[in-house]
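Visitor: One letter stands for each residue in the lines below.
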Amino acid sequence: MAWHAYTVVFAAACVMVGVYWDISWHMSIGRDTFWTPAHLLIQAGGLIAGLSSGYVALHTTFRGSTAVRDASVNVWGFRAPLGAWTCIWGCAAMLTSAPFDNWWHNAYGLDVKIISPPHALLAIGIFSIVVGALLLTLAQQNRAEDERRRSRLAVLLALTGGFFLMNFALFLTEYSERDMMHGAFYYEVTAIAFPLALATLSRAIKLRWAATSAAAFFTAIMLGLMWFIQLFPATPKLGPIYQPITHMVTLAFPPLIIVPAFCIDLVMQRFAGKLGTFALACIVGPVFVLAFLAAQWPFATFLVESPLARNAFFNAENWVFWMTPAYAEHTRHFAPPDPNAWPFAVHVLIAIVIATVMSNLGLRRGRWMTQVRR
Amino acid sequence: MKRWLGPVFALVVMVATSAHIGSPDVLFDGMAGPYAVRVIVRPPEVVPGLAEVTVRTDSMATRVSIRPVFWRAGVRGAPAGDDMKHVPGQATLYTGQLWLMSYGSSSVYVTVEGPRGSGTAIVPVGSFATGRLPLSPALGVLLAVLGIVLFAGLLSIVRAGAGESLVVPGDVFDAPRRRRANRITATAAPLLALAVLGGWTWWKSEDATYRRRMYGSPELRPSMTTDATHRRLDLVVRDTASFRAITSAVTPDHGKMMHLFLIGVGDTVQRFAHLHPLETDSLHFTTEVPWLPAGRYRVFGDITLENGLSLTVASTIGLPALTGTVAPSDSDDAWTEVPHPTLIRAAAAASVGDGYAIRWSGAPTLAAKTPMDLRFTVRDAAGRVVPLHPYLGMAAHAVIMRDDASVFIHLHPMGTVATAAQRAFSLRDKGDTTPRGRLLDSIGGPGDMPGMSLSGDLDFPYEFPKAGHYLVYVQVKPATRVLTGIFDVNVQ
Numbered sequence: 198m199a200w201h202a203y204t205v206v207f208a209a210a211c212v213m214v215g216v217y218w219d220i221s222w223h224m225s226i227g228r229d230t231f232w233t234p235a236h237l238l239i240q241a242g243g244l245i246a247g248l249s250s251g252y253v254a255l256h257t258t259f260r261g262s263t264a265v266r267d268a269s270v271n272v273w274g275f276r277a278p279l280g281a282w283t284c285i286w287g288c289a290a291m292l293t294s295a296p297f298d299n300w301w302h303n304a305y306g307l308d309v310k311i312i313s314p315p316h317a318l319l320a321i322g323i324f325s326i327v328v329g330a331l332l333l334t335l336a337q338q339n340r341a342e343d344e345r346r347r348s349r350l351a352v353l354l355a356l357t358g359g360f361f362l363m364n365f366a367l368f369l370t371e372y373s374e375r376d377m378m379h380g381a382f383y384y385e386v387t388a389i390a391f392p393l394a395l396a397t398l399s400r401a402i403k404l405r406w407a408a409t410s411a412a413a414f415f416t417a418i419m420l421g422l423m424w425f426i427q428l429f430p431a432t433p434k435l436g437p438i439y440q441p442i443t444h445m446v447t448l449a450f451p452p453l454i455i456v457p458a459f460c461i462d463l464v465m466q467r468f469a470g471k472l473g474t475f476a477l478a479c480i481v482g483p484v485f486v487l488a489f490l491a492a493q494w495p496f497a498t499f500l501v502e503s504p505l506a507r508n509a510f511f512n513a514e515n516w517v518f519w520m521t522p523a524y525a526e527h528t529r530h531f532a533p534p535d536p537n538a539w540p541f542a543v544h545v546l547i548a549i550v551i552a553t554v555m556s557n558l559g560l561r562r563g564r565w566m567t568q569v570r571r
Numbered sequence: 012m013k014r015w016l017g018p019v020f021a022l023v024v025m026v027a028t029s030a031h032i033g034s035p036d037v038l039f040d041g042m043a044g045p046y047a048v049r050v051i052v053r054p055p056e057v058v059p060g061l062a063e064v065t066v067r068t069d070s071m072a073t074r075v076s077i078r079p080v081f082w083r084a085g086v087r088g089a090p091a092g093d094d095m096k097h098v099p100g101q102a103t104l105y106t107g108q109l110w111l112m113s114y115g116s117s118s119v120y121v122t123v124e125g126p127r128g129s130g131t132a133i134v135p136v137g138s139f140a141t142g143r144l145p146l147s148p149a150l151g152v153l154l155a156v157l158g159i160v161l162f163a164g165l166l167s168i169v170r171a172g173a174g175e176s177l178v179v180p181g182d183v184f185d186a187p188r189r190r191r192a193n194r195i196t197a198t199a200a201p202l203l204a205l206a207v208l209g210g211w212t213w214w215k216s217e218d219a220t221y222r223r224r225m226y227g228s229p230e231l232r233p234s235m236t237t238d239a240t241h242r243r244l245d246l247v248v249r250d251t252a253s254f255r256a257i258t259s260a261v262t263p264d265h266g267k268m269m270h271l272f273l274i275g276v277g278d279t280v281q282r283f284a285h286l287h288p289l290e291t292d293s294l295h296f297t298t299e300v301p302w303l304p305a306g307r308y309r310v311f312g313d314i315t316l317e318n319g320l321s322l323t324v325a326s327t328i329g330l331p332a333l334t335g336t337v338a339p340s341d342s343d344d345a346w347t348e349v350p351h352p353t354l355i356r357a358a359a360a361a362s363v364g365d366g367y368a369i370r371w372s373g374a375p376t377l378a379a380k381t382p383m384d385l386r387f388t389v390r391d392a393a394g395r396v397v398p399l400h401p402y403l404g405m406a407a408h409a410v411i412m413r414d415d416a417s418v419f420i421h422l423h424p425m426g427t428v429a430t431a432a433q434r435a436f437s438l439r440d441k442g443d444t445t446p447r448g449r450l451l452d453s454i455g456g457p458g459d460m461p462g463m464s465l466s467g468d469l470d471f472p473y474e475f476p477k478a479g480h481y482l483v484y485v486q487v488k489p490a491t492r493v494l495t496g497i498f499d500v501n502v503q
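From first to last, the protein sequence lines stand for chains C and F. Okay, so the first sequence: first residue is 198 according to our numbering, each after it adds one. Okay, so the second sequence: first residue is 12 according to our numbering, each after it adds one.
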């Protein structure tokens with residue numbers, strides 16, 4: 198069912214745009230109910246993915262043709278493509294997180310932290326929907342015999358890969374402040390997330406520039422949302438208000454992972470098929486860290502220190518309404534290193550080790566993805 | 012409803028935060044500009060959380076709005092107000108909710124509009140997490156069931172992903188592939204279980220962190236020094252909050268740095284003193300205890316900070332016998348010991364000395380969690396209602412304590428408020444503070460409340476937080492001496 202892949206990618210887009218919008222809503226307006234437009238977009242995306250997949254499962258099980266049934270897997274006696282099951286599971290996880298999150302707000306206060314257990318469950322549900330969209334499209338790409346159709350599906354996969362990367366970037370928001378970008382911790386955290394995602398996509402998507410394409414979609418989506426949402430007027434509805442906000446505040450300029458993605462694609466083009474997975478990971482991991490460091494470090498200097506970055510285009514003064522003037526001033530300087538910490542070079546080596554391990558995982562997962570047929 | 016006339020500043024009346032133990036709701040009777048208001052603020056147990064606000068005003072009001080103002084940010088850092096909703100069938104009653112987002116000294120600005128113009132009453136509240144909602148059994152079961160379904164579903168998806176999904180359409184999902192899928196699923200199961208366990212541990216860790224951040228009254232360490240001419244009580248207040256609850260200096264309230272109440276323990280609850288220690292160093296207080304008999308006493312101290320936050324600290328102390336003559340350290344100190352409290356019932360009256368009596372004239376049956384007026388009348392020996400002299404700037408003071416000391420509050424006819432915090436917020440709004448928020452002038456003079464009624468008919472607006480046996484101590488000054496009536500009451 199080709200329509201289903203497009204429907205679920207659309208649902209993933211709704212969810213990811215909704216999540217970005219919701220974060221922006223919290224940064225600008227603050228007051229939160231279940232019925233904010235951003236929440237509705239997230240829930241709508243989850244329901245579109247879950248219900249359409251549920252329909253596909255019922256249709257495949259009870260009315261599916263032999264070809265449709267052959268392209269499905271059995272779960273609890275019902276048949277549907279693997280991606281559909283992943284979407285149904287993601288929708289169920291999102292729905293489960295709703296009463297949990299509601300209780301959490303009542304027990305511990307409204308969203309004191311973004312990363313809380315119910316939000317993690319919601320994030321896992323959202324992640325599952327994006328993975329489900331990837332798997333549905335992948336299975337069709339892997340089965341496609343027509344080259345044009347395969348290329349079209351690969352582009353759709355690259356778009357979904359952009360949402361996949363967004364997932365990681367948004368979940369790491371609290372560890373990705375601009376003033377942390379000259380600290381070792383930022384590079385260690387990014388080494389956990391992005392090599393895994395980029396290595397997976399570089400293998401799974403049948404495009405010459407697979408990782409670069411996904412990173413380009415990621416960057417374009419993030420920048421598009423950053424520039425577009427800023428256009429809308431907004432004032433905080435919660436206090437205390439320390440920043441005079443008149444328009445929606447959006448997340449910072451996205452990380453330049455397109456640079457290591459391009460380098461990873463070069464590595465894959467040069468060595469894939471010639472080296473084993475682990476040996477390949479031993480190249481991809483260091484390449485990611487060094488390329489990302491080379492790109493993000495000077496760009497962070499620009500974002501933090503240059504007056505030229507303090508505008509809507511680079512969005513270097515995206516201060517939330519509750520940021521005190523003193524803290525806002527801090528954001529114009531890099532956080533000082535911990536005097537007791539190991540030298541930065543040691544942390545870079547740690548980041549390389551982490552990136553290598555995660556690249557290995559990603560390459561193995563990518564290889565599995567190339568084999569998914571149903 | 013008690014109504015005060017004349018705002019302190021044009022069209023603005025301020026009241027103060029409530030210092031209390033176990034009695035978190037804030038009640039205020041007063042004026043919002045030209046409109047009489049009774050405001051009840053029920054702070055949330057968690058912060059950030061929603062405060063419930065009820066406002067009763069006069070029939071001239073056409074619009075009532077509320078706005079949360081955090082002291083540190085001031086009114087300039089507050090969001091726009093929200094209109095309150097009329098309660099159906101109640102022409103003068105409005106309800107609304109607002110978010111208290113940060114720990115510390117906060118307030119609710121109540122603005123009333125009508126044909127007489129507009130006016131604002133400021134009702135400061137302490138904004139701290141004080142409770143935690145337990146997980147109800149029904150929700151716990153629901154989450155557990157959903158969790159089990161999700162866990163089983165995920166394992167099934169892992170099995171399908173490791174096995175059948177890799178089979179080319181049309182091929183058979185044969186036994187070797189099934190065995191491989193089962194092996195991978197068997198490996199994934201403990202890993203997923205570990206992940207669930209990690210999530211559970213994370214939840215518990217967040218819970219423990221939250222509990223550490225819950226507000227508890229600052230610690231009060233009392234110590235006694237006695238000799239022939241002194242029975243000195245030294246008090247040290249220590250901020251025990253994991254965050255800093257006491258972030259600014261103590262400021263005088265009714266001209267006193269601390270209002271200290273000593274109440275006898277057990278069968279001696281009729282022993283009561285209202286003293287005013289001096290602050291000798293930061294959060295160090297000292298006072299003489301001249302009259303009370305030896306024995307065990309509960310000690311409650313009310314302090315107000317320069318940021319408008321009022322706090323109650325509590326402890327117990329054994330008071331040694333007097334060995335000589337001790338003079339009070341403050342001329343406004345007052346003490347009493349009556350034979351026994353007077354049970355509040357219809358027309359119950361307590362003789363308080365000098366020929367005066369305080370009579371309970373409110374409803375004989377009191378219900379918990381219900382806003383009410385505690386009504387008393389001060390009469391002379393001839394039975395006439397007498398005018399009162401201000402005592403510490405107020406027509407009367409009342410202290411309410413549950414017999415197990417789980418509830419304690421010091422209130423006035425204007426409500427469950429101190430008076431120093433009102434000006435703290437007002438001066439903050441006017442900009443009369445240093446960049447760090449320190450007030451530039453003394454804010455706690457003992458001046459009387461403007462327009463205050465000094466009639467012997469007294470109303471104390473209050474809401475008992477829970478059922479139980481309570482002691483009510485009422486202090487008035489009908490002539491030259493401060494007299495105290497002690498009542499006890501059963502609240503259903």
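None of these hints come from the bench; they were simulated from the model. Note that the structure is a prediction, hence the values are computed from the model and not measured. Be careful, since some hints might not be right.
[Said to hold, decoys possible] Calculated cross-link-like contacts (lysine-lysine; reagent style DSSO-like; alpha-carbon spacing at most 30 Å):
id, chain 1, residue 1, chain 2, residue 2
1, C, Lys310, F, Lys380
2, C, Lys403, C, Lys310
3, F, Lys96, C, Lys434
[Said to hold, decoys possible] Pair by pair, the computed Cβ-Cβ distance ranges are:
id, chain 1, residue 1, chain 2, residue 2, range
4, F, Asp218, C, Arg345, 51 to 57 Å
5, F, Ala206, C, Lys471, 50 to 56 Å
6, F, Ser234, C, Arg507, 39 to 45 Å
7, F, Met235, C, Pro296, 27 to 33 Å
8, C, Glu371, F, Gln108, 27 to 33 Å
9, F, Ala206, C, Ala509, 36 to 42 Å
10, C, Ser262, F, Trp214, 43 to 49 Å
11, C, Glu514, F, Met71, 44 to 50 Å
12, C, Pro296, F, Arg74, 33 to 39 Å
13, F, Trp214, C, Val543, 29 to 35 Å
14, F, Ser253, C, Arg529, 26 to 32 Å
15, C, Val543, F, Asp250, 38 to 44 Å
Even for Gly, the Cβ is constructed at its ideal location relative to N, Cα and C.
Visitor: Which numbered hints does this structure break?
Guide: 1, 2, 5, 6, 7
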